Amino acid sequence: MRLLVVEDDKDLNRQLVKALSQAGYAVDSALDGEEGQFLGETEPYDAVILDLGLPKIDGVKVLESWREAGRVMPVLVLTARDAWSDKVKSFDAGADDYVTKPFHIEEILARLRALVRRASGHASSDLVCGPVRVDTRSGRVLVDGEAIRLTSHEYRLMSYLMHHVGRIISRTELVEHLYDQDFDRDSNTIEVFVGRLRKKLGIDVIKTIRGLGYVLEPPAPPSA
Amino acid sequence: MMSRFSLSRLSIGSRLFISAILCSLIILFGAGLVLSTIYRRASERAFDERLQVYVQSVAANLASKNVSNVFDPYGLGDPRFTLPLSGWYWQIRTEGLAKPEVTSSISLFGGRLPKLETLNVPAHDGTAREGYIIGPDERRLRLVERAIEFPDGSRFLVQIAGNADEIELTIQSFGKALWTSFGLLALALGVTTIFQVRFGLLPLSRLSNEISAIRRGSSDHVSGKFPDDISPVADEINLLLDVNRDILARARTQVGNLAHALKTPLSVLINEVSDEDTPIANKVREQTSLMRDQVNWHLDRARAAARAGVIGVATDIAPAVAGLERTFLKIYTDKNLTIESILAPDLKFRGEKQDLEEMLGNLVDNACKWARRQVVIKASAFTGANDHPFVVFDVSDDGPGLPPEKRTEVIKRGERLDETVPGTGLGLSIVADLAKLYGGELTLDSAENGGLRALLRLPAV
Numbered sequence: 426m427r428l429l430v431v432e433d434d435k436d437l438n439r440q441l442v443k444a445l446s447q448a449g450y451a452v453d454s455a456l457d458g459e460e461g462q463f464l465g466e467t468e469p470y471d472a473v474i475l476d477l478g479l480p481k482i483d484g485v486k487v488l489e490s491w492r493e494a495g496r497v498m499p500v501l502v503l504t505a506r507d508a509w510s511d512k513v514k515s516f517d518a519g520a521d522d523y524v525t526k527p528f529h530i531e532e533i534l535a536r537l538r539a540l541v542r543r544a545s546g547h548a549s550s551d552l553v554c555g556p557v558r559v560d561t562r563s564g565r566v567l568v569d570g571e572a573i574r575l576t577s578h579e580y581r582l583m584s585y586l587m588h589h590v591g592r593i594i595s596r597t598e599l600v601e602h603l604y605d606q607d608f609d610r611d612s613n614t615i616e617v618f619v620g621r622l623r624k625k626l627g628i629d630v631i632k633t634i635r636g637l638g639y640v641l642e643p644p645a646p647p648s649a
Numbered sequence: 005m006m007s008r009f010s011l012s013r014l015s016i017g018s019r020l021f022i023s024a025i026l027c028s029l030i031i032l033f034g035a036g037l038v039l040s041t042i043y044r045r046a047s048e049r050a051f052d053e054r055l056q057v058y059v060q061s062v063a064a065n066l067a068s069k070n071v072s073n074v075f076d077p078y079g080l081g082d083p084r085f086t087l088p089l090s091g092w093y094w095q096i097r098t099e100g101l102a103k104p105e106v107t108s109s110i111s112l113f114g115g116r117l118p119k120l121e122t123l124n125v126p127a128h129d130g131t132a133r134e135g136y137i138i139g140p141d142e143r144r145l146r147l148v149e150r151a152i153e154f155p156d157g158s159r160f161l162v163q164i165a166g167n168a169d170e171i172e173l174t175i176q177s178f179g180k181a182l183w184t185s186f187g188l189l190a191l192a193l194g195v196t197t198i199f200q201v202r203f204g205l206l207p208l209s210r211l212s213n214e215i216s217a218i219r220r221g222s223s224d225h226v227s228g229k230f231p232d233d234i235s236p237v238a239d240e241i242n243l244l245l246d247v248n249r250d251i252l253a254r255a256r257t258q259v260g261n262l263a264h265a266l267k268t269p270l271s272v273l274i275n276e277v278s279d280e281d282t283p284i285a286n287k288v289r290e291q292t293s294l295m296r297d298q299v300n301w302h303l304d305r306a307r308a309a310a311r312a313g314v315i316g317v318a319t320d321i322a323p324a325v326a327g328l329e330r331t332f333l334k335i336y337t338d339k340n341l342t343i344e345s346i347l348a349p350d351l352k353f354r355g356e357k358q359d360l361e362e363m364l365g366n367l368v369d370n371a372c373k374w375a376r377r378q379v380v381i382k383a384s385a386f387t388g389a390n391d392h393p394f395v396v397f398d399v400s401d402d403g404p405g406l407p408p409e410k411r412t413e414v415i416k417r418g419e420r421l422d423e424t425v426p427g428t429g430l431g432l433s434i435v436a437d438l439a440k441l442y443g444g445e446l447t448l449d450s451a452e453n454g455g456l457r458a459l460l461r462l463p464a465v
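Chains S and V, in that order, are what the protein sequence lines are. First residue of the first sequence: 426, per our numbering; consecutive thereafter. First residue of the second sequence: 5, per our numbering; consecutive thereafter.
Just chain S, with the same shape it has in the complex (with noise of 0.2 Å):
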């Protein structure tokens, strides 16, 4: 999963980014509406954390003309600004979320999760596929009930997967959301964990679609 955070106080910018991360996320940030602005037209994200209170180009007008521009990912907006209008213009705007400061980043990681979760179309917070299990709330993944452990990379993968069960995923668009922008892709790296991932699951969900990418699906039930 790939965040961006828009947020002008360095200080909670830079915590942002760092909880985030930790908690498995690959996430670019930004300092100013106009940065913000701009990766959010360019950049295929899964969520975005929106500060509204933003120099250059203020928080409303940036989600505005996100939303003007068909980019529909989840957008939780930060604000100091608790007046139930200045809510009710944000969700206007195309909020999805609203988490007022000052907060703990607890919430907003709760927050984010069933963003994400409820833009994938899950409503729990545990996402399964056959034996698999992920718990996005823990961060674990459990084969057959055993948990198994997984890098924060192969994490994302797994987590990027689990979110859209079924769905052909192509090297792209996994590129796209598990590194963030500063990272060197590498489409070729992603062969390289999803391979140590079908090894660390010692069961074959992740199938390879020549040509197309990957698709998570549950095993065929064995034919006898």
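No wet-lab data here; the hints were simulated from the structure. Heads up, a few of these hints could be off.
Cβ-Cβ distance ranges computed for the label pairs, FRET-style [claimed, not checked]:
id, chain 1, residue 1, chain 2, residue 2, range
1, S, 467, V, 387, 52 to 60 Å
2, V, 409, S, 607, 54 to 62 Å
3, V, 290, S, 643, 43 to 51 Å
Quick caveat, the model's predicted, so the values are computed rather than measured. Ideal Cβ placement from N, Cα and C applies to all residues, glycine included.
Add chain V to chain S, keeping to what the hints say.
Quick look at chain V alone, frame taken from chain S:
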């Protein structure tokens, strides 16, 4: 009724009208009095002159010693002197003798005319007097007398009396005509005054209509052209309204800026220590959460205070409710709530949109928090005391509700500032405070299905 009457509350129109009418009545009455006095004098003088003619002819007769002529009952050529008690008399008194000799007209019928001199009537020209007396027939008479002294030393007092009713009759008919025409004049003046007052005060009543439209909230400026003498007032009112709005907007922006300025660093502090478990980290956590609550609590109060005394603002209720509905459906997506709103058409709240959204937002948020499946928002218009229109919002949920003894506590929490621990759950007390600022009220009740029902009464347009 009279005890309520106060001169200082009298309308300008009535003041102008009453003072104009009073002045014209006094002037007309005075003029009438002067005119009738002058007319009376003139009538008396004319009558006296008629009588003087007789005095002169008697004097001429006396001078020519034409005594027989003098004593001729028909000598003065007027038959009224011969008719008994006709009211027309003459009398000649020979003076200077030991016993005065008196000759009089037949009409006097043996009676005597009194001397004006003895009635203390002052003489003019030394010898002539005029005055009223009561005659032998008890009628009022006008009497003219003159003392005549001939060179031979003989002195006479010639008296001629005429019926005073004649004078009174002419004066009366004059008076009737005078007061009738003055009455008509007063009426005409009154009508003119009414017209003048109405016409003259037209711009003022237009101004007052404009201002009450602003107060009702159906207009936000004094518009239209006014005459030079009151257009400064209209301009000042507009300026005042602008300044008022400006101050309000600035106060809000400042509160917002303060919120932003304080809350972002607070977020940084809170998150900086979130992973640490040292004594200092715990202290920072404890203190920052205290600071956060205090900042929130005081900002809410400051916002509310910045709102007091707004005039000339009205907010459409339907769009505000629709906006909140959209918002809450998004916020509570996971609860799968249905929010139903039943609004009377064309409702308008007399106040700021932000305030309406703040009050309703808190109520609906609270309802959504506790609701199991459904939140219902109703709004309807009522007319209260003094014909003031107001709107009542009824927000109910199907949640667990609140026991009656807790309801007042929840509403009152914000009032006792010092005993209060600022924190969560202040939403309803903020609604109650804001509603009070607008002269409204928040009451809590239980809904039919056991949930909480909040009734919010606010001024409407």
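Verification of the hints:
1. Residue 467/S and residue 387/V have their C-beta atoms about 58 Å apart, which keeps the hinted 52 to 60 Å range intact.
2. The given range of 54 to 62 Å is respected by residue 409/V and residue 607/S, whose C-beta atoms sit roughly 60 Å from each other.
3. As the Cβ distance of residue 290/V to residue 643/S is approximately 48 Å, the hint placing it in 43 to 51 Å holds.
This entry satisfies every hint, going by the numbered hints stated previously.
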